[in-house]
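*Asks:* Residue numbers (this note's numbering), protein chains in the order written: chain F, 1 to 185; chain W, 1 to 113.
No lab work stands behind these hints: they were computed from the structure. Don't take each hint at face value.
What the hints assert, rightly or not - 30 Å max Cα-Cα, derived DSS-like pairs, lysine-lysine:
| hint | chain 1 | residue 1 | chain 2 | residue 2 |
| --- | --- | --- | --- | --- |
| 1 | W | 15 | F | 181 |
| 2 | W | 15 | F | 166 |
| 3 | F | 59 | W | 15 |
| 4 | F | 45 | W | 15 |
| 5 | F | 45 | F | 181 |
Being a predicted model, the structure only gives us computed values, none of them experimental.
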Amino acid sequence: MSSTDRSQALDLFLSGVERRAFCIAHITTRDRDEALDLVQDAMLKLVQNYRSRGEAEWKPLFYRILQRRIQDWRRRTWVRNRWRVWYDKATGEDEGEREDPIERAADPAGANPADQVSNKRGVKALQGELQKLPFRQRQAFLLRAWEDLSVDETARTMGCSTGSVKTHYSRAVHVLRERLKGYKP
Amino acid sequence: MNPDEEKEPIPGSAKRMLDALSEDLDPQTLVRLRQARRRALESPKGKIPWLIPAAGFAMATALIAIFLWQAEPKSNETFFAMEDLDLLATAESLDFYGDLEFYSWLEEREGAG
Numbered sequence: 001m002s003s004t005d006r007s008q009a010l011d012l013f014l015s016g017v018e019r020r021a022f023c024i025a026h027i028t029t030r031d032r033d034e035a036l037d038l039v040q041d042a043m044l045k046l047v048q049n050y051r052s053r054g055e056a057e058w059k060p061l062f063y064r065i066l067q068r069r070i071q072d073w074r075r076r077t078w079v080r081n082r083w084r085v086w087y088d089k090a091t092g093e094d095e096g097e098r099e100d101p102i103e104r105a106a107d108p109a110g111a112n113p114a115d116q117v118s119n120k121r122g123v124k125a126l127q128g129e130l131q132k133l134p135f136r137q138r139q140a141f142l143l144r145a146w147e148d149l150s151v152d153e154t155a156r157t158m159g160c161s162t163g164s165v166k167t168h169y170s171r172a173v174h175v176l177r178e179r180l181k182g183y184k185p
Numbered sequence: 001m002n003p004d005e006e007k008e009p010i011p012g013s014a015k016r017m018l019d020a021l022s023e024d025l026d027p028q029t030l031v032r033l034r035q036a037r038r039r040a041l042e043s044p045k046g047k048i049p050w051l052i053p054a055a056g057f058a059m060a061t062a063l064i065a066i067f068l069w070q071a072e073p074k075s076n077e078t079f080f081a082m083e084d085l086d087l088l089a090t091a092e093s094l095d096f097y098g099d100l101e102f103y104s105w106l107e108e109r110e111g112a113g
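Here chain F stands alone, though its shape is the one from the complex (with noise of 0.2 Å):
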């Protein structure tokens, strides 16, 4: 394949994922410029360092990448929170006068999902329910459900065993189903 054959094959590829890549880092980080950095950093690594690999090949490196920037966001962040939390302490400040930021989120669910009726309210309710799933499960939920990744591949993308996708994979299922039965699209 040559120079630019391989580039449209790319820019192909990238445009096809970049929307879910999107929002897979927005219902972890809530915050669109944050997501949006992180799935630029992805595509960046990928063209960089992957482009000449089988394109078979991009659609799991691509989101073993994207979650390794995902990891490090959560990580950054919660070392800010604990200088912020200590900073506040330190320095006297009325801890309710700040507000944490996840806890300020607009609850895009509403209520009560079970009640939701229409199809967007319906995929907000989703989208909030994914939001309170702890991380692991959320990241194997949404590779495995959405992105069709396979068990093997999911493993790979979360750094994890196969049998530690299946649990958190099953329990995310388990609690969505749960939290989201009572509705209709």
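Assemble chain W onto chain F, guided by the hints.
*Replies:* Quick look at chain W alone, frame taken from chain F:
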């Protein structure tokens, strides 16, 4: 969990709902995603980031070498230092050294004569 349950995990198919979510992105986000893709595709090929620390290391090495070279005492400075030491250690009076040019001229005249 049986395989069928795994494939149809929640009522209404999460996959379909998530597809709807990704199709419903606002135009500004789509523009920025396109820009991000363009930037990635136009980025230099290869592992350029490794060159940056390597170039920095080379630059730092060159600067240190230049600094050491500049700081090294010149050989003629060493010579003058030794000459000064000799001057101070000698038994001759300092006036002798003040009239050194005169004695040199005198020596030349006597040699010529």
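*Asks:* Please flag the earlier hints that this structure goes against, numbers listed from lowest up.
*Replies:* 5
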